[in-house]
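S.K.: Starting from the known structure of chain A, arrange chain B on it as the hints suggest.
Those sequence lines, one after another, are chains A and B.
With the numbering used here, letter number 493 in the first sequence gets 493, and the count goes up by one each step, no holes.
Count along the second sequence starting at 1, add 795, and that's the number in the numbering used here.
Take these hints with a grain of salt, some might be off.
[Unchecked claim] Each computed DSSO-like pair below joins lysine-lysine, with the alpha-carbon atoms no more than 27 Å apart: (1) Lys-54/A x Lys-158/A; (2) Lys-820/B x Lys-132/A; (3) Lys-833/B x Lys-137/A; (4) Lys-833/B x Lys-935/B; (5) Lys-132/A x Lys-833/B; (6) Lys-852/B x Lys-65/A; (7) Lys-137/A x Lys-820/B.
By construction, these hints were calculated from the structure, which means they are not laboratory data.
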Amino acid sequence: MPDSSATPHTGIGAAVKRVEDYRFLTGRGRYVDDMNRPGQLYACFVRSPHAHAKIRSVNTKMAAKMPGVAAIYTGADLAAEKVGSLICGWTVTDKHGQPHKSPPHPPLAHDKVRYVGDHVAVVLAESALAAKEAAEKVEVAYEELPAIVDPAAALASKAPQLHSEAPGNLCYDWELGDKAAVEAAFKNAHHVTRLDLINNRLIPNAMEPRAAIGEYDAGSDSYTVYSTSQNPHVLRLILSAFVLGIPEHKLRVVAPDVGGGFGSKIFCYAEETVCLWASKKTNRPVKWTAERSESFLSDAHGRDHVTHAEVAMDKNGKFLAMRIETVANLGAYLSTFASCVPTYLYGTLLAGQYTTPAIHVNVKASFTNTAPVDAYRGAGRPEATYVVERLVEAAAREMKLDPAEIRRRNFVQPDQFPYQTPVALVYDSGNYEHSLNAALKLADYAGFAKRKAEAAQRGKRRGIGFSAYIEACGLAPSAVVGSLGAGVGLWESGLIRFNPTGSVTVFTGTHSHGQGHETTFAQLVSDRLGVPMDKVEVVHGDTNRIPFGMGTYGSRSIAVGGSALQVAADKIIAKGKKIAAHLMEAAEQDIHYQNGIFKVAGTDKSKTMGEIAFAAYVPHNYPAGLEPGLEESGFYDPPNFTFPSGVHIAEVELDPESGEVEVVKWTAVDDFGNVINPMIVEGQVHGGIAQGIGQALLEHGVYDKDTGQLVTGSYMDYTMPRADDLPSFTVGLTHTPCPHNPLGVKGCGEAGAIAAPAALMNAITDALGVLHMDMPATPERVWQITRRQAAGLAS
Amino acid sequence: MYNFHYQRAQSIGDAEAALKAGNVKLLAGGMTLIPVLKQRLASPDALVDLAGLKDLKGIVSDGSGVTIGAMTPHAVVAASADVRNAIPALAALAESIGDPQVRNRGTLGGSLANNDPAADYPAAVLGLNAVIHTNRRQIKADDYFKGLFETALAEDEIITKVSFPKPQKAGYAKFAHPASRYAMVGVFVAQTASGMRVAVTGAAPGVFRQKDMEKALTTNFSPDAVAAIQQSPQGLNSDLHGSADYRAHLVTVMAKRAVAAAR
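Isolated chain A, as found in the complex (with noise of 0.2 Å):
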């Protein structure tokens, strides 16, 4: 770790609290629907009522003479203007060398609707309130049509056929890993585990809805969208390159305060694509805030896997082999990364913190009559370390081991980093057994039998799960990810700017939603530089202000997005060193940076950071040849990914008769690498907890399986995690830098959202005694099994 000795209380490693909380506690902040443009109109889009159906026609006559009606599009009017289809940007190719199947999404439907929700037109008027009156009036003739919301089922010979483009409603049948070698390391197993999983469809609920201006001006024949986007230039990319058509730098995406994310605002969808398209047509900036509702229907929705897991073991509960056979729910249509997450981010997490030797995964991924399935908090990896961690549990009461026992047994040791897996994936750094102890002490494991004991006198179960999770973050290697099928580089931009007297303000291209990044990357570039942290703004989400940047998802920020920084800086102070030794009439190998100042070795001669900034500003004494001025910009394409780890214990207690699940002691022990801010990191973690406990105890996204309507479509049956569902966390770091990276750090976003549904599924099956019950865990579902376990029956 560098040394950061300059600015102790606001340095790297140091509990900084979030400079943005103030406007956002004060309600200052600046959220897309606080925005309005002179003369804009207000967009209500007509949604499909049905499942599945063809249109066979929309008649708009009684909603254009509707009072304040400016004009209403129909997806027949898109497709007449060329309107493009809204992409998926990676291409998996599937185990017969064949690309997936991406079938057209038209941003408004024109043949077919294919989800409840799915968009048919929309009409603009100049209020919100008239725009739905009017809406209401649009007529649209819907032939129904047999829906399908279940994946599996979606995959069998009679089920309905969304797309013509893939037959069988298949987007791919993919594998990875060595087949034989599994066959052949199951054959000699001493015992087979085996479970059959469900993970559960979950439903994004960002606390802002998704929102969107656009807006043209005609002057310039340029467009700008405001956007609720968790990556302002990937929004423009690909408006401009695949769907629109609008030159690249002619297009402006702002994404100012946004509220949360999770992934959903990843992606590029109809609602946004339409208000921009819409702005040119009418001459009139176009608006649309999502109404609650809406953001159930059509915000992309998250995990919905179906899978088979077997492990095979020696006698001693080594692993041998595992073999994994997945179906995943890709939705209606291919959201924007939606083929990636249940392959490249799903099968090469299925080594999990172990030495398994031998894996297979197969995943075939369906289009089904519902919301599209894409990256949501962890994408991919919470569904990987669920499935390894339910098993590793699985195998251990099968075997009768301790948790701890089976998985010290198999964890990759620190020796053997960089480890291979045999799912793809290249380990950089880990000491696993050290988090496991670590979190061992920190949850008293050995006093959990007296806790069991006492919480039985009371009429409860007690159950103690682990959840020994791996995440591969800090997306990505651009060449690594582009022989994947990525549309794109994964790697970060960032820029640094000294002012004259001394300020300092950071461009980065990732974004920040939530995360803290105007704090963090403050306080990273105020160590760095040796500037007061007051001193230093970051700014992100203007595709006008910022360099071109990959944005905001999978923990990428501050291991690509901060490393980027870095380089940035690490060019300012090899300038700032020309200048210091020309102003103290040295050589420049004699001038050492530390903390903010320039020193001659040797001597007491310095000069400071802002001495440096004024001299470049106002070269009047100046080497010869240099540039003025102190800006500087660095991109980072990362060499590898990020490998955060950890270990999470979740103790629960049941109540057998009620049903009813109380988690009552959470520890967690993650190793993020090096550390920027600590405070910000722990309420990263806490907030991936609080949302892998939801999907563990409350959160399920239901379509009814005939009708396909959506069932959990508000908060009154979609159960959101409260306050008083969740216990306090203990949470404790270990520190193994990532050797990789300047910085040494992993990321910290998604771990909790990974480790905690495993860790609590295995408390709660523990509490139980069976080896398997799906999520989410609810009153009900418990009760069913204590009631046939009172019955005396098998469970």
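M.R.: For chain B alone, kept in the frame of chain A given last:
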């Protein structure tokens, strides 16, 4: 939300007159009505807001019980020393409704007029054998509730207050619906001057009395007395979070807890 006219009633008479216009709704706390309007599931021509009617607010206590104005918010009932002294189970029930925002807006009269099958107050009103006072008459609890969102109220009838007789003992236990936090099953038990009463909300399309449990508790007021009594799942509600079987089972579990909590 569709457009509607808004009128703030200055008196009960004012409200009565306004109701005669037809497609008019009374607005109490609005905790159900406003969401229904926002979802465009109702389109009244006018709302008549009762918020300004001071006569409908407040709590009066005498030795025989408490009388609570129809426009009294749940939070006021929960915090009332009179209610806590006379019928602690009623104060606790009010404290358990929704969240602080709901408790400070939602009212007793609004809850009873709406008669949501998963609301808490109907269990207390039926369990305590309360009397509902309207602008026209007094209605006994046993005559008031008519099933799913249905009551004995006439179209232009307005609840003014509710009298709760003081029981010897009463208790309430609720199993909250995981998502909505309404009662999936709520059981109110009370030893009253008119006998043992057990009222169940949330489980069925409307609040109802569990007579088998009343009988059992009359001879032995203890959790054990109801432990073996099974509610029939016939006719009970069933949804994603609780089947009729589960709700039936929870009636017994909540009855035990209510008896244990009774004081």
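S.K.: Take the hints in turn and mark each one as holding or not.
M.R.: Going through the hints against the structure:
Between Lys-54/A and Lys-158/A the CA atoms are separated by roughly 19 Å; this keeps the pair inside 27 Å, and the hint holds. Restraint check for Lys-820/B and Lys-132/A: the C-alpha separation of about 23 Å stays at or below 27 Å, so the hint holds. For the suggested pair Lys-833/B and Lys-137/A, the alpha carbons sit about 18 Å apart, so the restraint of at most 27 Å is met. Proximity of Lys-833/B to Lys-935/B is assessed by CA-CA distance (about 34 Å); at most 27 Å being required, the pair is judged violated.
Taking the CA atoms of Lys-132/A and Lys-833/B, the gap is near 12 Å; set against the 27 Å cutoff, the hint holds. For the proposed pair Lys-852/B and Lys-65/A, the alpha carbon gap of about 47 Å is over 27 Å, so the pair is violated. As the CA atoms of Lys-137/A and Lys-820/B are separated by approximately 25 Å, the hinted pair is consistent with the 27 Å bound.
Violation of the numbered hints given earlier is confined to hints 4 and 6; the remaining hints are satisfied by the structure.
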